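Kindly generate the complete structure, drawing on both the sequences and the hints.
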Amino acid sequence: DAGITQSPRHKVTETGTPVTLRCHQTENHRYMYWYRQDPGHGLRLIHYSYGVKDTDKGEVSDGYSVSRSKTEDFLLTLESATSSQTSVYFCAISEFGLAGTYNEQFFGPGTRLTVL
Amino acid sequence: KQEVTQIPAALSVPEGENLVLNCSFTDSAIYNLQWFRQDPGKGLTSLLLIQSSQREQTSGRLNASLDKSSGRSTLYIAASQPGDSATYLCAVAPNDYKLSFGAGTTVTVRA
Chain X
1 DAGITQSPRH KVTETGTPVT LRCHQTENHR YMYWYRQDPG HGLRLIHYSY GVKDTDKGEV
61 SDGYSVSRSK TEDFLLTLES ATSSQTSVYF CAISEFGLAG TYNEQFFGPG TRLTVL
Chain F
117 KQEVTQIPAA LSVPEGENLV LNCSFTDSAI YNLQWFRQDP GKGLTSLLLI QSSQREQTSG
177 RLNASLDKSS GRSTLYIAAS QPGDSATYLC AVAPNDYKLS FGAGTTVTVR A
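Read top to bottom, the protein sequences are chains X and F. Here the working numbering is used: the first residue of the first sequence is 1, the next is one more, and so on. Here the working numbering is used: the first residue of the second sequence is 117, the next is one more, and so on.
Incorrect hints may appear among the rest.
In silico PhoX-like links for lysine-lysine, alpha-carbon gap of 25 angstroms or less [unchecked claim]:
| no. | chain 1 | residue 1 | chain 2 | residue 2 |
| --- | --- | --- | --- | --- |
| 1 | F | K117 | X | K11 |
| 2 | X | K11 | X | K57 |
| 3 | F | K214 | X | K70 |
| 4 | F | K117 | X | K57 |
| 5 | F | K214 | F | K117 |
| 6 | F | K214 | X | K53 |
| 7 | F | K158 | X | K11 |
No wet-lab data here; the hints were simulated from the structure. None of the values given here were measured: they were computed from a predicted structure.
Okay, structure coming up:
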């Protein structure tokens, strides 16, 4: 299994509070992603990173920010959590553009976030 | 915008039967296509990746085909087992590295 961990694995918080989710990888992959998974919507990309300090928005980025100060860590922050952000959040990694790599994405175990 | 569709949404078969899962996508300009498995409450496990230049990819009892011109991929699972029960997701990468996912097919293999 790809070395990807997410913390915390479960979190319950209240509306209006800030929340930070962490993704840590040991594979030295350049590309990292944050997705959310919701019934009826499937998996949707929130933000992604293509290198240290290089990030960009996905299709559902409103209300979220990210940071990547080291290759191995990608942080997702909800500045002021809302009930609509109750979801399961997955981190993924990939490598792309180097010989023998074809952007196969590997996923972490997920974080279940409940915003009351 | 790439749209990915998986039909059927759910499938129930007796043990030993072959499984055929379908995935269609609207934009044929893809970089690769990836099939995943997801067990309840768990993360996604990558099963197969097909590059845009390939027609099929095989791993054990799994075989995935790709027809870019018609915007279709099919995942075949031979001789299904109860342990194959899971949700199977198809995801397409356009000409960059961001995946677009289908909603998945939930498979139940009855013993």
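To see whether the hints hold, each was checked on the structure:
no. : hint               : result
1   : F:K117 with X:K11  : violated (33 angstroms)
2   : X:K11 with X:K57   : holds (24 angstroms)
3   : F:K214 with X:K70  : holds (21 angstroms)
4   : F:K117 with X:K57  : holds (15 angstroms)
5   : F:K214 with F:K117 : holds (12 angstroms)
6   : F:K214 with X:K53  : holds (18 angstroms)
7   : F:K158 with X:K11  : holds (16 angstroms)
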